[in-house]
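Heads up: the sequence lines are chains G and L, in that order.
If you're matching positions, the first sequence starts at 1 in UniProt numbering and goes up one per residue.
If you're matching positions, the second sequence starts at 1 in UniProt numbering and goes up one per residue.
Hints were generated in silico from the structure; no laboratory data involved.
Remember, it's a predicted structure, so these values are computed and weren't measured experimentally.
Do not rely on the hints blindly, as some may be mistaken.
[Stated by the list, open to error] Chain G residues, not near chain L, derived (Cβ > 12 Å throughout): (1) Leu51; (2) Ala93; (3) Ser94; (4) Gly118.
[Stated by the list, open to error] To give an idea of the chain L side of the interface with chain G (calculated C-beta under 8 Å), a few residues: (5) Glu12; (6) Ala79; (7) Pro112; (8) Ile113; (9) Ala170.
Think of the CB as a built atom: it goes at the ideal place given N, C-alpha and C, for glycine as much as any other residue.
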Amino acid sequence: MPLYRDEAVVLRTHKLGEADRIVTMLTREHGKVRAVAKGVRRTASKFGARLEPFMVADVQLYEGRSLDIITQAESVGSYGADITTDYGSYTAASAMVEAADKLTEAEASLQQYLLLVGALRSLARREHGASLTLDSYLLRALSIAGWAPSFNDCSVTGAPGPHSAFVVQLGGVVADAVAPPGAPRLDSNTLLLLSSLLTGDWAAADDADERTRSQASGVVAAYTQFHLDRGLRSLEHVDRRTTA
Amino acid sequence: MYDGIVQELIDELGRLPGIGPKSAQRIAFHILQTETFDVTHLAEVLMTVKEKVRFCDVCGNVTEQELCNICRDPRRSAATICVVEEAKDVVAIERTREFKGLYQVLGGAISPIDGIGPDDLRIRQLMQRLADGTVTEVIIATDPNLEGEATATYLSRMLMHLDLRVTRLASGLPVGGDLEYADEVTLGRAFEGRRLVEN
Numbered sequence: 001m002p003l004y005r006d007e008a009v010v011l012r013t014h015k016l017g018e019a020d021r022i023v024t025m026l027t028r029e030h031g032k033v034r035a036v037a038k039g040v041r042r043t044a045s046k047f048g049a050r051l052e053p054f055m056v057a058d059v060q061l062y063e064g065r066s067l068d069i070i071t072q073a074e075s076v077g078s079y080g081a082d083i084t085t086d087y088g089s090y091t092a093a094s095a096m097v098e099a100a101d102k103l104t105e106a107e108a109s110l111q112q113y114l115l116l117v118g119a120l121r122s123l124a125r126r127e128h129g130a131s132l133t134l135d136s137y138l139l140r141a142l143s144i145a146g147w148a149p150s151f152n153d154c155s156v157t158g159a160p161g162p163h164s165a166f167v168v169q170l171g172g173v174v175a176d177a178v179a180p181p182g183a184p185r186l187d188s189n190t191l192l193l194l195s196s197l198l199t200g201d202w203a204a205a206d207d208a209d210e211r212t213r214s215q216a217s218g219v220v221a222a223y224t225q226f227h228l229d230r231g232l233r234s235l236e237h238v239d240r241r242t243t244a
Numbered sequence: 001m002y003d004g005i006v007q008e009l010i011d012e013l014g015r016l017p018g019i020g021p022k023s024a025q026r027i028a029f030h031i032l033q034t035e036t037f038d039v040t041h042l043a044e045v046l047m048t049v050k051e052k053v054r055f056c057d058v059c060g061n062v063t064e065q066e067l068c069n070i071c072r073d074p075r076r077s078a079a080t081i082c083v084v085e086e087a088k089d090v091v092a093i094e095r096t097r098e099f100k101g102l103y104q105v106l107g108g109a110i111s112p113i114d115g116i117g118p119d120d121l122r123i124r125q126l127m128q129r130l131a132d133g134t135v136t137e138v139i140i141a142t143d144p145n146l147e148g149e150a151t152a153t154y155l156s157r158m159l160m161h162l163d164l165r166v167t168r169l170a171s172g173l174p175v176g177g178d179l180e181y182a183d184e185v186t187l188g189r190a191f192e193g194r195r196l197v198e199n
């Protein structure tokens, strides 16, 4: 299969040589792919703009020995331009693609692909606050990867909730009987918002007040940083001020 | 693998941007076959560059003195500042001979995924230069890619409350290109930035 075609969302790019780029993409059918896009840094490049981060493209690739080579690219969804006009959305999208880069491998994961494309589309269309969209994306992406948090039943014993003690290392809320001393407690509004973000109940999530959103963001950030190897560098740069 | 110092030279050359293992090996053997005088001169230039070249105290451009040539030039207009990502961009704009103002070199673009936030760039220095009211226009000339656009968005948000004109370089079709080969993003920008044809 020297030549293949797939739909891909661009996660990040690295400069290569004089005018080339290495493009890291999450594809629909081939998982994460790293490929060389030749000449895309030249202003006269035919597909440079289609291979920027956050873009969804129909790409044709030639299988190389270490890196594949992109021979054609057509835009499927150009979300980058709309996302960069809002700084909060840009920082949120950066954290999303970094998380996707760390959570995916060469094996295809259609769920991860569709989740990321949907989240970027939602950010570009300003459907919800950028910070909420990011938190929801992170919780769901971690769940697909096998680290689903529990916000109701005890994550250790399975005892039905509600429980208020939240321990990142134990996978979510835990019953008082198994909660370590000094475990942080979350109020019911924060737990409700976290559940809404995990299940995609946007009506409830959009209704949350500023303080609850801030607390939930802190929980999601701690949960993400614990489960991802070396954490996400983008998270500390996420601009939450303008994204509520 | 080569023995000792030869392999060390190949490894060091391979750490340079854009130089792969094969290129590093080629350059290393070129150096081995070159006259001693040329190699000594290259080594001296490398040392001198590291010792003498620094960033301009005002704009962040590369220079051998406290201020760069452009900041020292009294003929340049202090009313306009062009904000660029790298010193290389200053050279590119100077080649046009269209701009007679001063520059601010940010030292990169905002890229959260690489751990680069606004505090890592020379944005605070730019704001300090704007404080005395001399500058009436800021031209944002960051790269027309994702990081450059996001940096421009951040800068325009910072500058919108100041009493000055903030402009962004036009994006669009390259001169000498064919319309049919333009991608939709570039063509869309060209439509957005179309201008009135004056008779």
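A quick look at each hint next to the structure:
{"no.": "1", "hint": "Leu51", "result": "violated, 10 Å"}
{"no.": "2", "hint": "Ala93", "result": "violated, 9 Å"}
{"no.": "3", "hint": "Ser94", "result": "violated, 4 Å"}
{"no.": "4", "hint": "Gly118", "result": "holds, 20 Å"}
{"no.": "5", "hint": "Glu12", "result": "violated, 19 Å"}
{"no.": "6", "hint": "Ala79", "result": "violated, 27 Å"}
{"no.": "7", "hint": "Pro112", "result": "holds, 4 Å"}
{"no.": "8", "hint": "Ile113", "result": "holds, 5 Å"}
{"no.": "9", "hint": "Ala170", "result": "violated, 13 Å"}
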